[in-house]
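Colleague: Chains as they are written, first to last, in my numbering: chain D, 1 to 790; chain R, 1001 to 1160; chain Z, 2001 to 2328.
To be clear, the hints were calculated from the coordinates, so they are not data collected in a lab. Be aware that one or more of the hints could be misleading.
Simulated coverage check for chain R against chain Z, where a stretch passes if three residues somewhere in it have a Cβ under 8 Å from a Cβ of chain Z [claimed, not checked]:
| no. | region |
| --- | --- |
| 1 | 1021 to 1034 |
| 2 | 1044 to 1053 |
| 3 | 1057 to 1065 |
Below 16 Å or equal to it, Euclidean Cα-Cα: the simulated EDC-like pairs (lysine to aspartate or glutamate) are [unchecked claim]:
| no. | chain 1 | residue 1 | chain 2 | residue 2 |
| --- | --- | --- | --- | --- |
| 4 | D | Lys17 | R | Asp1099 |
| 5 | D | Lys678 | Z | Asp2300 |
| 6 | Z | Lys2182 | Z | Glu2017 |
| 7 | D | Lys602 | D | Glu168 |
| 8 | Z | Lys2310 | D | Asp754 |
| 9 | Z | Lys2135 | D | Glu168 |
| 10 | Z | Lys2310 | D | Glu629 |
| 11 | Z | Lys2310 | D | Glu168 |
| 12 | D | Lys305 | D | Glu174 |
| 13 | Z | Lys2041 | D | Asp684 |
Note that this is a predicted model, so its numbers are computed, not measured. Even for Gly, the Cβ is constructed at its ideal location relative to N, Cα and C.
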Amino acid sequence: MTTVANDRNTDLRVIGKSLPRVDAVGKLIGLTAYADDIELPGTLFCKLLRSHHPHARVLSIDTSAALAMEGVVAVITGVDLPIKYGIMPTSQDEHALENEKVRFVGDPVAAVAAVDEETALAACRVIEVVYEPLEAIESIEHALLPPTDEPIHDYAGPGNIHRMGALEFGEVDEGFAKSSFIREDVFFYEGNTHLPMEQHSAIATYVGDQLTLWSSTQNPHYVHRALSRVFDMPMGHIRVVAAPHGGGFGGKSDPFSHEMAVSKLAMITGRPVKCTLTREEVFYVHRGRHPVLMWVRTGVSQDGKILAMHFRTALDGGAYGSYGPASMLYTGALQTTTYNIPAYRFEGVRVFTNKAPCGPKRGHGTPQPRFALELHLDKIAESIGLDPVELRRRNYVKPYSRTINHLRITSCGIEEVTDQVINASRYHERKKQLGHGMGFAVSSYMCGAGLPIYWNKLPHSECIIQVNRGGVSLYCGATDIGQGSDTVLATVAAEQLGLWPTDIRIVSGDTGLTPVDLGSYSSRVTFMAGNAALQAAKEMRDILVEVVAEKMECSPGDVMVGEGKIGELSFEDAALLAQERLGVLTTRGSYTPPRDIGGKYKAAGVGPSPAYSYSAAVVDLNADPYSGEIRLNKVWIAHDIGRSINSLAVKGQVEGGVYMGLSEAMMEGQLYRNGLHKQPSMLDYKSFTFLEMPEVETFLVDTVDLEGPYGAKEAGQGPLLPVIPAVVSAVYDALGVWVDEVPITPDKIMRALDARAKGREGRYGPKKFPQISYPPIVKVPPFDATSSAF
Amino acid sequence: MSSIGSREILRFSVNGRSHELLVKPYATLLEVLREDLRLTGTKHGCEAGECGACVVLVDGTPQLSCLVLPGQVEGSEITTIEGVSDGGTLHPVQQALMDHGALQCGYCTPGMVLSSKALLDSNPTPSREEIKEALSGNLCRCTGYVSIIEAVEDAGRAMA
Amino acid sequence: MLRLPRFSYLRPGSVAEAAQVLSEYGSRAMVMAGGTDLLPKMKRGQIEPEVVISLGHLDELRQIRAVSDGGFEIGACVTLAEVVSSSELRAAYPGYVRAAALVSSPALRNAGTIGGNLCVDTRCNYYDESYEWRKALGFCMKKDGDICRVAPASATCRAIASSDTAPAAMSMQATVVLVGPKGMREVPVASLYQDDGQFYMTKAADEILVSLRMPDPGRWKSSYVKVRNRGSIDFPLAGVAVALQLSGPVVDDCRIIITAVGPQPLDVSHAAQPLLGNRIDDTILEEVAAEAAKPARPLDNADLSYVWRKRMTRRAIEQAVREAAEVA
Ligand SMILES: Cc1cc2nc3c(=O)[nH]c(=O)nc-3n(C[C@H](O)[C@H](O)[C@H](O)COP(=O)(O)OP(=O)(O)OC[C@H]3O[C@@H](n4cnc5c(N)ncnc54)[C@H](O)[C@@H]3O)c2cc1C
Ligand code: SF4
Ligand code: FES
Ligand code: FES
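Extracted from the complex, chain D is given alone in its bound form (with noise of 0.2 Å):
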């Protein structure tokens, strides 16, 4: 790992250091207690009964024989879970349990609470539900047609038509008729997920009128929000507990049946209830990538400047909302954050199909746009004869900007990673040769959402750090996915308080302990929770040092914070000594995206963030010209980080999203097969073994972004997603064939060079994109600058 230091703020003692995670020893001697490894006296357990349909009416279900069974406590279905939920405030379309209709396989009916799970699982066995089938809608060509039974929901449409969008910012039409070159691509993306080791786990208790649950979640508090919504209680009855988390990545972003059904169960029986998804029934859940479908023309200046830029998208939902309306328009948002496109045209639908609804992940909707996108520019500079770095630099944004959909762009450094990776692979000067091939591609990703999920004016983002006897606790809402938060957290304290992060005790992701972070997701925890973590850690500073210049009768400027000191004192004597005179000392701090990030055009929420990462990568490669078999040699990545809080973390981060780029491009897929998930397993759905990851180096460009915390941006989405679109190119370079889908696997490379073969064009991938009927374009007026800094 190299770091690119572009600042001389060298006073710093933890920030910025390689230090181990303050949670490693926990997790390292086994002693860390997953949700799974929760378990409370009496604990009972609970099973799903899952569709075994696609798309079916429930005409009756019978629980009687479950009831009767020895062991079997509580059976719960849908008429005792009557109120629907859904993350977004549009998509509220799940109940926990189907009562009328259910519209994939595994979408749960029933839950039973038992003894053990063997006896769940029998129960749920004799359950007898009746069902109607009704026409299963498995594609997005198919979702687009009317439905002949009906639609699988009854909001939204006109058929299964979940969310469509359509903007202009520019003038498009004036763009492409200026244009000296013009070119078309389709692409397809197809859908997979998270794969997160640990398997989904919930347990419940009610005591007292108080609901507790710890959770694999991410999201505590929208959990907490939905059980309060469901149950109908007030949310200080209720206490959401994000339990230690076994990996996320996105797919533990949603509140659950589980979740529900566990909270319910333990309501009725009064004893704590415990259920453990199983790998199966994770595949079910999903929430993950979108399967995707791309249009998008762009026409060139003779020079290779981007003068307009129509992207279509039509993205298959699966059966439930979800994120879906926000996805729907990342996949529009974020093109603009790399490349100044001055005409930008975006049409994009969602459907609904009989498939375990999609969500987000890693990345959340931008992989497959910046996938496309990445190509297309490939293709451009290959046909306009320039080199497709070149053409990218031609195009790149420049910091402190604004987009053409009104994106605040501050700290950038994406001509620093490109810098980094072209150098250091050599790419330039890499010989032609069959078989062998290098990919480069760029991108950007948020440092959180502008905006909350949710509308409210509440901070994002909220901390409190309390020294008590000289032992300091910061409670946050945050929630450590293994992402490190809580050691982002300790750090950022750690430094202001001249103590040492594993000095610190993070109290986190627990809505009965912690004020509220908003949740694990749009890379947001490092940016807002850090900043909310340092507003509380220089107001503790203040106050001791306040304290302790009084004692030694100097000024306050003069006292020194480090090493464990604060002056002349001990962290802990001058703790105490302001303890003395002012109680138990407390702070706070919090963190709230400023305003004009973004613009205000209707669906302007999705894209704004007070800061934007970037990420480069060159992709090494060998593909076998007879078999389409790919050996990776090596990865190199750069990413704008701003500043590493912790450069060990921040390579992990990078480390890991290079790998889930890797294997999503080359092997992973949710596939399905008459409206069943085809694999719903660990052999059958494939993930990189060891023996497939190739050698990463990184490079870690500080940026030092103005408004992150000690200059923090993100890096646990951003460098996923370059490696995807260098990966198919470094193929295209490799054997001269492009294979405008992922995953890349070797029997559609081969079946591209078959084509070639046979004198048609080397390619494999999706034909064309289908007509809709996108609504009417709403023109977007400029960016009134007036309004803003810059």
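We have chain D; now place chains R and Z with the ligands onto it with these hints.
Modeller: Coordinates of chains R and Z with the ligands only, in the frame set by chain D:
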């Protein structure tokens, strides 16, 4: 012949402590460890031999505890993640994983630690290829594996 | 957590006793060696024995012995890992040991046995999932149903022969010793399998595989090439075992066995004819591979397209011949 109809007393030792346990013949070692002995450090991701999260050492050899019946470990010495560190001192593999940032969510970590320990016990200076091969049945979704390889290499050096 | 259904577990004291209880319980019982194939399938309800008879602890099944005719006898419950770490076996049967080394993952090979590997169930992605999943899809002939989902016109199940070591053992003309109620018999590995994915083995259900007898390798050099998606964990998408005899660079004799392209491993040695008496070169090899791969009938019931798998069979044949001859 011994038969286990519904239950049988199983004698085996876990992390140096011997146990006599009444077990169901169809409860896997994974279930016995997690549910009967409440040693929940052993994780599970598939229960079908496909992910490596449940790896424990049986007489020093890595085994997928989700596919081991209690009757198969009668009289064996089992090491789980709870038995790897020496009191307060981390095992070199654990220490190296920590120093290299080679764990994130930590869910694959127990299996990784045990597979790595078994490798280094038999081959303290493995090549990168040998490390990858030895750990190739342990999936991790967070780290991208790179740091784990570096850590195991380092741990080998520390143990040598 | 995916759990096992209930069953009784028997631990016989000897092979003879095992054979006796197996025949007593008949179709209600199954033997288990490492359990790495049986247990996941029982968890998914694909196989439902009421009684499981354990063999893994029987010392008589755990020996690797050099035998007087120059060959080796490998006990059925020797683990794949033990085979891989035996330098004697590696020297004598590089193809077979390579096949064992390529089975799944290291931890699985520490439990999986060579006998279990020869008897491993056939695979099909219309079948290898849970009871609930199969119910949603519609059951098939191999379990709980009556038609073949991948080849509805087929009268037999076309699930895929998936043992890596079977073709390698066949390429050495190995035999197995079986013990059943009618006593002991020795049969060629090649005759253990038949063209039916449901009843894929010819041995009687109450016969126990006791050992694998690998004949003196003599001048036979061998190799095994496995095609799969990932470098670990995965079953073969195609597998090719080759055994060769060379005089200098000239091929005297050549056996080719292909697997994972139908319900049984196939001996396609007849296709090697053009190689005999010749040096190995690209043209001959291409011809041989094309002919040898002809009986391969991959269907749309495994990972990646069957067209690709068929073509990769050819490629794997070429590679396996080269590797056996140690020519690049
Ligand atoms: C994730 C995963 C990946 C796998 N990958 C591969 C792979 O790549 N290649 C491969 O070949 N296999 C693979 N397997 C299958 C299996 O693990 C191996 O084939 C292993 O060698 C089976 O041996 P075992 O001793 O565990 O068999 P068991 O599970 O004990 O038995 C398997 C079958 O053989 C029968 N049997 C076992 N021993 C005898 C005997 N002595 N006499 C008569 N019948 C007997 C059993 O009744 C059962 O029907 C994989 C399994 C899993 C779970
Ligand atoms: S080949 Fe046909 S019968 Fe056999 S398992 Fe597959 S679908 Fe079932
Ligand atoms: S839980 Fe045992 S291998 Fe996955
Ligand atoms: S650290 Fe999360 S799965 Fe490995």
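Colleague: Hint by hint, say whether it matches the structure.
Modeller: Against the structure, the hints:
{"no.": "1", "hint": "1021 to 1034", "result": "holds (count 7)"}
{"no.": "2", "hint": "1044 to 1053", "result": "holds (count 7)"}
{"no.": "3", "hint": "1057 to 1065", "result": "holds (count 4)"}
{"no.": "4", "hint": "Lys17/D x Asp1099/R", "result": "holds, 12 Å"}
{"no.": "5", "hint": "Lys678/D x Asp2300/Z", "result": "holds, 12 Å"}
{"no.": "6", "hint": "Lys2182/Z x Glu2017/Z", "result": "holds, 14 Å"}
{"no.": "7", "hint": "Lys602/D x Glu168/D", "result": "holds, 12 Å"}
{"no.": "8", "hint": "Lys2310/Z x Asp754/D", "result": "holds, 14 Å"}
{"no.": "9", "hint": "Lys2135/Z x Glu168/D", "result": "violated, 48 Å"}
{"no.": "10", "hint": "Lys2310/Z x Glu629/D", "result": "holds, 14 Å"}
{"no.": "11", "hint": "Lys2310/Z x Glu168/D", "result": "violated, 49 Å"}
{"no.": "12", "hint": "Lys305/D x Glu174/D", "result": "holds, 15 Å"}
{"no.": "13", "hint": "Lys2041/Z x Asp684/D", "result": "holds, 14 Å"}
In terms of the numbered hints stated before, the structure departs from hints 9, 11, listed from lowest to highest.
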